[in-house]
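Starting from the known structure of chain A, arrange chains B, C and D on it as the hints suggest.
There are 4 protein chains.
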Amino acid sequence: MVFILKPNVPKDKIDTFISGWEQKGFSTIFSVGTEHTAVCLIGNTAEVDLDQVVNTNDIVDYGKRITEQYKAVNRTVHEDDTIIKVGDVSIGEGFFTVIAGPCSVESDEQILEIARSVRKSGAKILRGGAFKPRTSPYAFQGKQTEGLDMLRQAKKETGLPVISEIMNQTQIDLFDDIDILQIGARNMQNFDLLKEVGKSKKPVLLKRGLANTIEELLMSAEYIVSAGNNQVILCERGIRTFETMTRNTLDISAVVLLKQKTHLPVIVDPSHAAGARSLVPPLSKAALAAGADGLMIEAHNNPAKALCDGAQSLDLGQFSSLMEELKKRAVLENKII
Amino acid sequence: MVFILKPNVPKDKIDTFISGWEQKGFSTIFSVGTEHTAVCLIGNTAEVDLDQVVNTNDIVDYGKRITEQYKAVNRTVHEDDTIIKVGDVSIGEGFFTVIAGPCSVESDEQILEIARSVRKSGAKILRGGAFKPRTSPYAFQGKQTEGLDMLRQAKKETGLPVISEIMNQTQIDLFDDIDILQIGARNMQNFDLLKEVGKSKKPVLLKRGLANTIEELLMSAEYIVSAGNNQVILCERGIRTFETMTRNTLDISAVVLLKQKTHLPVIVDPSHAAGARSLVPPLSKAALAAGADGLMIEAHNNPAKALCDGAQSLDLGQFSSLMEELKKRAVLENKII
Amino acid sequence: MVFILKPNVPKDKIDTFISGWEQKGFSTIFSVGTEHTAVCLIGNTAEVDLDQVVNTNDIVDYGKRITEQYKAVNRTVHEDDTIIKVGDVSIGEGFFTVIAGPCSVESDEQILEIARSVRKSGAKILRGGAFKPRTSPYAFQGKQTEGLDMLRQAKKETGLPVISEIMNQTQIDLFDDIDILQIGARNMQNFDLLKEVGKSKKPVLLKRGLANTIEELLMSAEYIVSAGNNQVILCERGIRTFETMTRNTLDISAVVLLKQKTHLPVIVDPSHAAGARSLVPPLSKAALAAGADGLMIEAHNNPAKALCDGAQSLDLGQFSSLMEELKKRAVLENKII
Amino acid sequence: MVFILKPNVPKDKIDTFISGWEQKGFSTIFSVGTEHTAVCLIGNTAEVDLDQVVNTNDIVDYGKRITEQYKAVNRTVHEDDTIIKVGDVSIGEGFFTVIAGPCSVESDEQILEIARSVRKSGAKILRGGAFKPRTSPYAFQGKQTEGLDMLRQAKKETGLPVISEIMNQTQIDLFDDIDILQIGARNMQNFDLLKEVGKSKKPVLLKRGLANTIEELLMSAEYIVSAGNNQVILCERGIRTFETMTRNTLDISAVVLLKQKTHLPVIVDPSHAAGARSLVPPLSKAALAAGADGLMIEAHNNPAKALCDGAQSLDLGQFSSLMEELKKRAVLENKII
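Residue numbers (the working numbering), protein chains in the order written: chain A, 1 to 337; chain B, 1 to 337; chain C, 1 to 337; chain D, 1 to 337.
So that you can see chain A by itself, here it is in the shape it has in the complex:
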């Protein structure tokens, strides 16, 4: 149940209203938008008489029942689009923010060459994996803390904000100076990790799990936002289906639905969805056309020698060409790229 407050209500009246509910055993979410300020109740609201609350509280304009289980991330509770700021970079409605970089940080030279090139092409954020979740214990597990250092160095030299994947909740301190914490598809329902990044002040990029529904993705975002961190970027990266010609099946409809149901930014990772380089440009254009707020793309200075995911990485020239294509199209979608 959400109550939309009248304009210009004094803060102490709001506090009284909220604490009244909390004394009755409800949790509350307080949401401030440009148009509305709202208070959402969490708990068993079945017996709350909505009309009576509206009639007896002069600060309340009107109320609505929220049938969805997700509340804080629900557009009904918070109508304004959330725009996340990372340095000068904005992520959210009205922008089309491209994150690019290698699957894995491999060396200082590699990450720096890639960073400089993708920045020049128009990428706004640099990605690079340091801790790598791999199906096999015998596969390359990433450069780990050394990889994070290389990423920091590339950030320093290029000015690009950086994102890297965090694998468990004990690593938060290691990610000092890393601008965005990425939660991988396999960890989308690692609830202890979600709770921990929910206590952080950093933006979190949350990838949809391989077999998770759109609603489950929203519920995982709700874990983070309800813990106090409303800077969550959702990422569609393909789901598991019976089709074997692609690595995963990009669920392009999920982008549209997420944009309808939540105020959070929604981006697409076409590289992991497709698993093949030649699919990345058309899927990127499709993501933009469907309403995504950005992309996360694997780009590498030498895909043939990449330590992981080479087959799905664009080379730097291909990335640059793709960015030109996207720039032409972004204007039609009213997106600043």
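Be aware that one or more of the hints could be misleading.
Stated by the list, open to error - In silico BS3-like links for lysine-lysine, alpha-carbon gap of 25 Å or less:
#1 Lys305/A <-> Lys24/D
#2 Lys195/D <-> Lys195/A
#3 Lys327/C <-> Lys335/D
#4 Lys335/A <-> Lys6/B
#5 Lys195/C <-> Lys195/B
#6 Lys327/D <-> Lys327/C
#7 Lys328/C <-> Lys328/D
#8 Lys202/B <-> Lys328/A
#9 Lys328/D <-> Lys335/C
#10 Lys24/B <-> Lys305/C
#11 Lys328/D <-> Lys327/C
#12 Lys335/A <-> Lys327/B
#13 Lys327/A <-> Lys328/B
#14 Lys305/D <-> Lys328/C
#15 Lys261/B <-> Lys6/B
#16 Lys335/C <-> Lys335/D
#17 Lys327/A <-> Lys335/B
#18 Lys328/B <-> Lys328/A
#19 Lys328/B <-> Lys335/A
#20 Lys335/C <-> Lys85/C
I should point out that these hints are in silico values taken from the structure, not numbers from a laboratory. Keep in mind it's a predicted model, so treat the numbers as computed, not measured.
Coordinates of chains B, C and D only, in the frame set by chain A:
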């Protein structure tokens, strides 16, 4: 195994070459493109010595082994894009052809009003179901032959070519004057129907089955083309996955892969994929951006009263707006809309 | 809505009751069981006042609303298990009927050798494909009418009833003397075929489609039963999932649910589910333990040389051993094997 | 690549053989069975000349290449079935070990009443969730450390070994006195957790992820075993498919395949697969028939009031009846129950 012939080879030499193979027990596909003329062998080519064939036949330029099971629809065998003509309308690479109309033909007035409106908005072909495959025997099964008559009347009055779904191989004669035969998702592997439409001279729109792979779709097209009818339009319309928020999951990557692997036109049906009206415009734009050659969209003059699939039908105003959006974008994709 | 009638109601009163509903525009299903006789209404029953009908019709004992879309196959409408008789063979609750034979009938000798052997081992019905649905147009399409003749010959010499797959509704006459019409997975929603076999007097074995839900399988059975043929055997044969180590994923829970929801017999095809011989015996035992009424198993006198599906066919010795295992276990499940 | 050693080879010769490989950069797995002792090489063995190794090392009987990525859990490397001992309880081939208890530990009385009853019915291990992974942050998250204490108390009073789910790698110390560490489906690819339990000396029950392949399950087990802990029990608990009538689709074939491919014990969780109580007994019997080494079943003293998963929990009487059914059948499968 395919042999690319040298330019300007006399016809009798080609005939001798082909009959030589047929005497050895192979079937052949003879493919004429703008750049190349090719002869493809069907059968056990494991013991054919490719180099020796090239060296001993002076009409042969070079040869390649075809590892895929699909041959006649394979771009390796036939490099040129197939453009299908239906009256003045072209379907294939370089065009973006929109097919629109109601799920079901319901009355003369209904189909005529819709036909006039979608033509004005820019649709090139009119769709309308007469025989309806329904999960329940108690659900509306379509207006049947009467529905086809209404469709013919709408064609006559508007000049739009028409498409309707054929349910079994005994119905071909009923589809006289219907320009394109549609094979529905549930019939994609109704092989007897495929063989029969393969003998027809009419274009066939073949929808991907709910749980069929991209390769199986190509193999079903191969049934039609190898039976003598190379006018096949492939249609991605969503696949079955675990996600329940959409009716099906639109496999946008399939569009890209199909365009790579076959010379046949590839279109998208966003209405059946999504199952909800609000998803149709963004999915349509995404299909165009991904490289599709057209769309098949459900549009209705009164979706709230449609006898089937009302929830996913655009009203005529929404369809018109969508067409405006698509026209702006088609030029960027080098498509004539 | 179903009305359970009181015992020993005279037939003319029932007829009057039924025709009253039909005059109001409802279709009816009249169901006679050992305990109950029932009349089920098909149509919009929302405005029918159930209590009033019970109170004003003295032949009616009580009534229930049927929320499921399937009526005639619904156990709520028809509580007794349907037992289908094919010659001396019974299929349904209390029996465990094994159907065995090759994927394809290949020759008189082949089918006869297999028929004799599987009969001796305990199979009650002989299977053999004559018309084969194949993904590729270039693959072996079956021995066709000649294959049916071979099957008839094997029936004549061994006394085993026979089953073979029918591919389209024009073939019904060809299946003269074939005891059970099999509808393959790819035709589960070929509704014109369903309607046609619904007019036949022969038992029909209906396989679940690769991506069809349990409810859709019941609805397809409803097509057949509502057309007048209540001799339908349902067959679970594996569904499409992301798992690639098996050909399909046997949905063993479907057996349990189908037995709860319908009175029709339910059998399992472990061969097509698994796609590999070594899985067939354990899956067969699991099917028996889960409550299935029988099996359809591919058995061949020389699997290594089978014209199709050799990898999943048991040889005749393996089939015999499996039957011994099943006989030991059937008694525990109160099944006559 | 695995080398099977001759019988009775002195330990120092084996050590020399192993250290020779490690100096060349390979990792090794040393596997001792009742029949064979084997050394498996991990690394790039493409250039190792297998025959030469056999011919030049007199302790080697013969060698084989291992094509699978999983080595330590591979039956080719370790032919003997692994039997895991938990107190007096054995888990593995030849046994059918039933683990039972509530989804969540709720109170001392609840867990004790359930423990006493399921022990009497024949369960050998008590399950009880203390930390609960829940889709919603607002749902009951378990009794946490207090729940573990209640479980320890029940263990003390009944003598049953206990199992509970561990959510992250920092919790290992909390699980003191808990006999088996359960890794839930959502954590199957939480690789940091896998590595950590790999260092533990306790048995680990590893559940298959909702959308993970059989091969990925084996690779996750490989993480644990290669880290030094070979006491891993695999658990099939249903996968995500398009079917909605069950919570998940129990992949019964996975049981058969896992038993072929690995020496580790394989059990089934029918409760989470089905999501409905009435399916649990037939699925349990099917699991036994398919070759599973045991079950994990949710049983509750008052399912209607259970704090989670009540709909799929058996009551104590139903559990007892099921155990009687299983005992009758276990003898036929050569399993000690």
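How the hints compare with the structure:
1. For the suggested pair lysine 305/A and lysine 24/D, the alpha carbons sit about 23 Å apart, so the restraint of at most 25 Å is met.
2. Restraint check: the Cα-Cα separation between lysine 195/D and lysine 195/A comes to about 22 Å, which is no more than 25 Å; the hinted pair holds.
3. For the proposed pair lysine 327/C and lysine 335/D, the alpha carbon gap of about 19 Å is at most 25 Å, so the pair holds.
4. Proposed proximity of lysine 335/A and lysine 6/B is contradicted: the alpha carbons are some 51 Å apart, above 25 Å.
5. As the CA atoms of lysine 195/C and lysine 195/B are separated by approximately 22 Å, the hinted pair is consistent with the 25 Å bound.
6. With a C-alpha separation of about 18 Å, the suggested pairing of lysine 327/D with lysine 327/C holds against the 25 Å cut-off.
7. Using a Cα cut-off of 25 Å, the hinted pair lysine 328/C and lysine 328/D holds, with the two alpha carbons roughly 12 Å apart.
8. For the hint linking lysine 202/B to lysine 328/A, the alpha-carbon distance of about 39 Å lies beyond 25 Å, and the restraint is violated.
9. Restraint check for lysine 328/D and lysine 335/C: satisfied, since their Cα atoms lie roughly 16 Å apart, inside the 25 Å limit.
10. In summary, the hint linking lysine 24/B to lysine 305/C is supported, as the alpha carbons are separated by about 23 Å, within the 25 Å threshold.
11. A hinted pair counts as satisfied when its Cα atoms are at most 25 Å apart, and lysine 328/D with lysine 327/C qualifies at roughly 15 Å.
12. The hinted pair formed by lysine 335/A and lysine 327/B meets the criterion: a straight-line CA distance of about 19 Å does not exceed 25 Å.
13. For the proposed pair lysine 327/A and lysine 328/B, the alpha carbon gap of about 15 Å is at most 25 Å, so the pair holds.
14. With a C-alpha separation of about 41 Å, the suggested pair lysine 305/D and lysine 328/C falls outside the 25 Å cut-off, and the hint is violated.
15. A distance of roughly 24 Å separates the Cα atoms of lysine 261/B and lysine 6/B; the hinted pair therefore holds under the 25 Å criterion.
16. A threshold of 25 Å between alpha carbons decides the hint, and for lysine 335/C with lysine 335/D the separation of about 23 Å falls inside it, so the pair holds.
17. Taking the CA atoms of lysine 327/A and lysine 335/B, the gap is about 19 Å. The hint holds against a cut of 25 Å.
18. About 12 Å separates the Cα atoms of lysine 328/B and lysine 328/A, which keeps this hinted pair within 25 Å; it holds.
19. The suggested pairing of lysine 328/B with lysine 335/A holds, with an alpha-carbon distance near 16 Å, which does not exceed 25 Å.
20. For the hint pairing lysine 335/C with lysine 85/C, the CA-to-CA distance comes to about 16 Å; that is within 25 Å, so the pair holds.
Checked against the numbered hints listed earlier, the structure breaks hints 4, 8, 14; every other hint is satisfied.
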